[in-house]
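Engineer: What follows is the residue order along each chain.
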Amino acid sequence: MATSAYWRTRFQRYRLIGNRCKECGKVFFPPRFVCPACGSVKLEEYKLPERGKLVEYTVVYTAPKGYEVMTPYVIGIVELEDGVRVLAQITDVDVEDVKEGMEVEASIRRLPEQLEGGMICYTYKFRPVIK
Amino acid sequence: MVSVEGGVLRPSDDVGIAGYGVYIPIYRIKALEIARVWGKFYDHLPVEEKAVAGPDEDAVTIAIEAARYAIRRAGIRPEEIEAVYVGTESKPYAVKPCSTIVAEALGATPNVLAADYEFACKAGTEAFQTSIGLVASNMVRYAMAIGVDTAQSRPADALEYTAAAGGGAFIFTRRNCETIAYIEGSYSFVTDTPDFWRRDGDMYPSHMGRFTGEPAYFRHTTMAAKGLMSELGLRPSDFSYAVFHQPNPKFPLKLAQYLGIPLDKVKPSIVCSSIGNTYSGSSMIGLASVLDIAKPGDRILLVSYGSGAGSDAFSFVVQDAIEEKRNRAPKVSSFIYRKKEIDYSLYAKFRRKIFM
Amino acid sequence: MTCIAMREVAVVAVGYTRVSEHWDKSIKGLFIEASLKALSSAGLSLKDVDGIYVANAFAGYLQRQTNLASIIAEALGLTDTFAVSIDAGGASGGLAVHEAYRDVAHGIRDVVLVCGVEKMSEATSSDVLTAQASVEDQEYFRYTGATLHSLAALIYKTYMKRYGVKQEDVALMSILDHEHASTCQHAQYPFKITLDSIMKSPVLSDPVRVLEVVSPSDGAAAVVLCPHEKAKELGAPHVKIAASQLVRDSFNIVERGDVLAMEALVKAASRAYKEAGVTPSDIDFAEVYDDYSVMGVIAMEKLGFCREGEGVKVLKEGEAKLDGRIPINTFGGLKARGAPIGAVGVYQAVEAYLQLTGEAGANQVKDAEVGLTHGSCCFNSIAVVNIFRRCC
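Protein chains in written order, with the numbering used here: chain R, 1 to 131; chain Y, 132 to 487; chain V, 488 to 879.
Okay, chain R solo, but in the shape it has when bound:
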């Protein structure tokens, strides 16, 4: 991926900014250009909540090059407090700690993958809520 392509997605990666259809209210993450539900092009920025529950997960043992340092890692579906579901890595957990329904919150982490010239990718992951 080009550095600029990565840069364009910074708000969604850093702050979980998706968008919402002004006509029908449907929320999208990642943000969309057109609402697939009603066809409207009037979409407004929408900040997703940063907390949610883990709905389903899998443990990844075979991953693309560069991710060896992360394996085994967890990919899960997180249902956020407003009901929107996102796909994300669950971090700071041992495989055996992961439970469905566990409370998680967004955290910015770096990907093992680097862009041209060593540019570092930062993105949201979710980790257990720290009480």
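Hints were generated in silico from the structure; no laboratory data involved.
Zero decoy hints are in this set.
Rough simulated footprint, nothing fancy, chain R against chain V, three-plus residues with beta-carbon under 8 Å:
#1 618-630
#2 687-699
#3 735-744
All residues carry an ideal CB built from backbone N, CA and C; glycine is no exception.
Once you've looked at the hints, dock chains Y and V against the given chain R.
Structural biologist: Just chains Y and V, lined up with the frame of chain R:
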């Protein structure tokens, strides 16, 4: 503007801390495990264990975590922050600011001052002073100072037992009923003392062994602390707590003896035994540990130390808002108890000490 | 929505290479081998071809070769012949057949060559993983850290929970594929496997195991389409295309609401049945897109061969075998015939032809009259359903 009276920096307008937050990675390696790998005697290890950044963490990610908790405690919107300073000596990029990434991730961009500070382990308190100055001069309403490190250490070196990861973030604003502590003043003592350094291109820092003690750490911290007390007309007994930079658990206790401060005023801030030396994060996490338990009216002495060398001393007085605000985000103790022990092989994998 | 067939369309010839690791053959070489075999079997020559659809998913990534259709047409010496590449991941082959079918049905072209080709062997397995994931929306998918295996795993776990089935049940899909491939000449893995070997194979993304997943393959398959009337004139064995439907859905399985819904497949199937004037019970065999064992099981359900959650029952009771109620993946499916991704849909069309012309040999489904093929990209974010019918 900040008035200068014989070396003390005292804000002409009162400045306070609006919120603070820390972050310590979940992973720990025991000093015994490191000693086992290198075949050392098991006696007299400097710390019990140290915090290790996970494979997806670095100074930027830790800074963002701490900063988000600071914002939560301050109860402000990220866009209200007008300055973000990140003090660290473990920048993921040699050239490219950490502060821009942190500010963007928080949502403080684009109308924000942002810069990285570097002064070994006192880069964070250096950022304190800049933030205090900007707030006192009414140039910004909220300024954030972060001290964070994922400290590097050469395998088998003495530093490997302690070089740890963690950080803290503090938001400064004009003193009001919402601030949790206000600043009475600060005092810095800086000389050219080469006790510890890393040249460009070197993976790990070099240090001068015992030279890092008396002529470096103790001289600078003592002079800064004494200078501050003398300028502010305070005595050691005026402080309820003292927070010192903690490269190991012994140095701050010895410094307390030098300054005539009872050990039980220092001990609440000492977290080094369980998380190691978090470098620029050390004074921050120490101060946060005390704010987690302090009562309104308590006076706190903070003395940082950065190799190279210099020391910044501060006096804070705790305010009423602490009682409610401290509970808005996880305390230092939560991070200390939240841990996963790893062995040396996972440590080597996480910190990319295995050549791939 | 529905293709209004002006002319009846026939598949009049097929040609294919074995699915394998063809170290000595280039992407062009594979294509030409399959295409020439197809043309000559119907007594046609390159000069008769007035349109070429090239189905391919990964040449742009793995061979750094874009503009594949022109490159291949040129290699065939056809400089002024219409040639277009179709790139839709695992739906490429089915979609290429769809395009050719439309051209012929509407009288735009008479003899159209459809050839799917893929060459995955010469890339590292890491490159193959990245290429396969490149069908997802890169500006989103790349930074999630997810893999296709992990998405399949999420679907798999949801499926097992909802219907109370075990992995040992779902994995029967791979056993079925291998059983059918064991007598298939063109299969990449022509041998049987056991449940024990599947359950002992490494976990890629829990619960998905190596022996439930496609492997990188090389291969090319070609079909020649023409009006039914012309097929009769040529005198070569031929079958009719009774329906061809393509439907799409969100790439992001999490956004779909229910990860098991597979709405695109449900819609494509129902439209295809309507177009062909048949019901699921009229289908004599089906080639389903089982890039993961669980996806094959789900496909059987969504295609209406059994009720939701009863896919494993079909497998357990042997109904999907060659002599069963609804034979599935009669030459080994993606798992065992092999999955040169962009070519899969054309291999499926070839297999439908072989069944319906009675040329399926040991894999022949008795009295097969109507066959169905299913192509998919990104867990049915694109679903293609084509239906073929025997000509008397």
